Structure formats: C-alpha cells, structure tokens
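*Asks:* Sequence:
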Amino acid sequence: MLKRMWQIIPCFLNLLLFFLVSQVSGQQPKGPLTDHFLNWLIANGYESDNFDRPDIGPSGSFGGKLTSATQIVHEPVVFIHGTGDAALHTQAPAATGWSRSIQYFLEQNYTSAELYNTMHTCSYLLHLRRYLEAVIAYTNVPKIDVIAHSVGVPLARKAIKGGDLIATDGNCSLGAPLTEKIDTFLGIVGPNYGLCVCQLAQTVPAWCNALDGLYPGYSCEDQLLCGYTQTPCEQHNYSPFLEKLNKNPVREGDYVYSMWSDVDEVLLFKSLTWGNQLVGFLARMVDGSQIGIVTLQ
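If you use mature numbering (1 follows the signal peptide of the UniProt record, and there is no 0), the sequence shown corresponds to residues -26 to -1, 1 to 271, in order.
Hints are computed from structural coordinates only; laboratory data are not their basis.
Keep in mind it's a predicted model, so treat the numbers as computed, not measured.
For glycine and all other residues, C-beta sits at the position ideal for the given N, C-alpha and C.
Honestly, I wouldn't trust all of these hints.
[What the hints assert, rightly or not] Using 35 Å as the maximum straight-line C-alpha spacing, the simulated DSBU-like pairs for lysine-lysine come out as follows: (1) Lys117 <-> Lys135; (2) Lys155 <-> Lys218; (3) Lys39 <-> Lys117; (4) Lys244 <-> Lys117; (5) Lys221 <-> Lys135; (6) Lys244 <-> Lys135; (7) Lys117 <-> Lys218; (8) Lys221 <-> Lys117; (9) Lys117 <-> Lys155; (10) Lys135 <-> Lys39; (11) Lys221 <-> Lys155; (12) Lys135 <-> Lys218.
[As the list claims (entries may be wrong)] What follows is a list of derived Cβ distance ranges for each label pair: (13) Gln204 <-> Val115: 46 to 56 Å; (14) Glu107 <-> Thr41: 44 to 54 Å; (15) Asp9 <-> Asn145: 21 to 31 Å; (16) Gln82 <-> Val224: 29 to 39 Å; (17) Glu21 <-> Asn114: 18 to 28 Å; (18) Gln82 <-> Ser22: 32 to 42 Å; (19) Leu80 <-> Ala175: 36 to 46 Å; (20) Glu21 <-> Asp138: 20 to 30 Å; (21) His101 <-> Lys244: 50 to 60 Å; (22) Gln82 <-> Gln204: 37 to 47 Å; (23) Asp236 <-> Pro116: 35 to 45 Å.
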C-alpha cells in the first residue's frame, strides 16, 4: 500500500531507476482487460465505454481479476498516460505506455487485479472519470492510488476533483469529488500551468487552445517570455480549465506528490511555466538532483 512519504518515496525512486538503467526482464505485460473485468463492466452499465479499447488491440488497456477467487492484497493503482501515448508499449520512443511501470509493480508481487490502465484522448475527460469510478467499484477497496504522466496529470486531477466542465466539445458535470477514495496521487511532469510552447499558439495544435487546453497566457505580470521568467510573478488569464483546476481547493488524494525532470524534452524550460511547477501548495524538496520529487502539503 502506497502510504506515508518516507515509505512511498523509495518506491518512486526505485521505479525511476528501473526506467533509466534497467532492461525489462521477461515478457512485457500484455493487455487488454481480463475477461472477468470485462464481464463485470458489461453487467454494471459500462459496456458502451469500451474501456478495453478493442480498436487499439492488446496495448489499449490492462487490468482485472483472472477469476472471482483472485484476492486483492495491495492497494490498486490506476495509470493515466499522457498525450500521444498508449496504455501499454506500442512504439518506441514516443508511445512506450506504462509497460515498464506495470512490469515493475508485477515484480513487487502486484497482480493484474491491482493494476489498471486504459487509453483516452484529451476530449474524453468524462470517459476517464467513469473509468476511475469503475475501478473503485470493481475492486471494492477503501482507496486506490493514481499515477499520471504529462497531460494525463491535469486530466486525472480534474477527473478526481469533479465538478462542472466547460470544454471546446461541450459542457458536462463530472460529479462529486473522488478524493475520499484516493489514497496517493502522483503527477509526473504534469503541465499544471500550461506549456510555454503554447504561448503563441492558441489554436494549433488543438491541445494549446485557450479554453480547455494548455495555453499558459500571453504574459505574466510584466514578464513576456514564458520559459525565461526573470522575477517571480503570479500567472493570470491562462487556460480557464487549468486556472479553475489550480484554484480548486479540493485535494487529489490523502497524499499528493509531484515528480519532474529538469531536462524534460516536452515541457522544456526545466519543466517550468512562468517559473512555476507546483500548484499552490507548500512543497518540501526530497531530492534536489536533476529529478525533483516533492510532497505537497
């Protein structure tokens, strides 16, 4: 079970080390969702959600019990990928999915009944919310853990916090917060304040849009270069989706962590947007090397 800070940080550091220096031993994890989980989804009104993603094949999803007798020992973990990625490995280096992460947890004696993954697109936030609800109901455990990467971080945060959503493809309500069902939330290199590369591109690509995309705002007080902030500034007039999300006091879980790299090739600029990385919390640095890991209080 992913719990207190000094218990959880070694796990994440080991997982990171596994990413960087090891080769995946044995056969990589194979999807899609198990028949037991699929049958449960059909019986409980989730058939039309297509969480198994048959259009993608075995790399489109992962998770579920093998039989009704399968015991859940560890706190289940839901993995949420970023843009252009997949649930599991499809094509290196861009779409490696969560295969290595799942393999790591399997080597720590987790089972598919405790590891869950599906594919999404940025417009399917309601789809992601329903998937979290389905896993919570299916596993019937007090709490789950959520690990999100890249664009999946703000999407997962919104799916957990719930509330109304105003988006380019319509408006909807996600429901009440799921906070009480989330033990630990880990966001890996999430663009919580937008992407600096979107500063001058509000429409192309679509995920840079200024309504529910990653638009960081044209300026920040007297600062004009998003990636090269000279003095601290308070960000205004950026993506309303992100701004409302960041100002929402509802927590993502009992324990909230952020992890990022100073040399991320997507976020760039040391993973900072207008000099910001974290979202309005007091943060305590755990490891001050090139990889930053903090606990948000």
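*Asks:* Would you check the hint for Lys117 and Lys155, treating anything up to 35 Å between C-alpha atoms as holding?
*Replies:* Given that 35 Å is the threshold and the Cα spacing comes to 4 Å, the pair holds.
*Asks:* 44 to 54 Å was suggested as the range; check whether the CB atoms of Glu107 and Thr41 agree with it.
*Replies:* violated (23 Å)
*Asks:* With the threshold set at 35 Å, check whether the alpha-carbon distance from Lys135 to Lys39 stays at or below it.
*Replies:* Distance of about 27 Å is within 35 Å: holds.
*Asks:* Between Lys244 and Lys117, is the straight-line Cα distance small enough, at 35 Å or below?
*Replies:* Between Lys244 and Lys117 the Cα gap is close to 33 Å, so the pair holds against 35 Å.
*Asks:* Within 32 to 42 Å: is that where the Cβ-Cβ distance between Gln82 and Ser22 falls?
*Replies:* Cβ of Gln82 to Cβ of Ser22: about 34 Å, so the range 32 to 42 Å holds.
*Asks:* Take a quick look at whether Lys244 and Lys135 sit within 35 Å of each other, Cα to Cα.
*Replies:* holds (27 Å)
*Asks:* Given the hint that Lys117 pairs with Lys218, does the C-alpha gap stay at or below 35 Å?
*Replies:* holds (26 Å)
*Asks:* Hint says 37 to 47 Å; check whether the CB-CB distance for Gln82 and Gln204 agrees.
*Replies:* holds (45 Å)
*Asks:* What's the verdict on Lys221 and Lys117, does the C-alpha distance respect the 35 Å limit or exceed it?
*Replies:* holds (25 Å)
*Asks:* Quick check on a hinted range of 46 to 56 Å for Gln204 and Val115, using CB atoms only.
*Replies:* holds (48 Å)
*Asks:* Lying within 18 to 28 Å: is that true of the beta-carbon distance Glu21 to Asn114?
*Replies:* holds (20 Å)
*Asks:* Has the given pair, Lys39 with Lys117, been kept, meaning a C-alpha gap of at most 35 Å?
*Replies:* Satisfied, since the Cα-Cα distance of roughly 17 Å is no more than 35 Å.
The structure does not agree with the numbered hints 14, 15, 21 stated previously, though it agrees with the rest.
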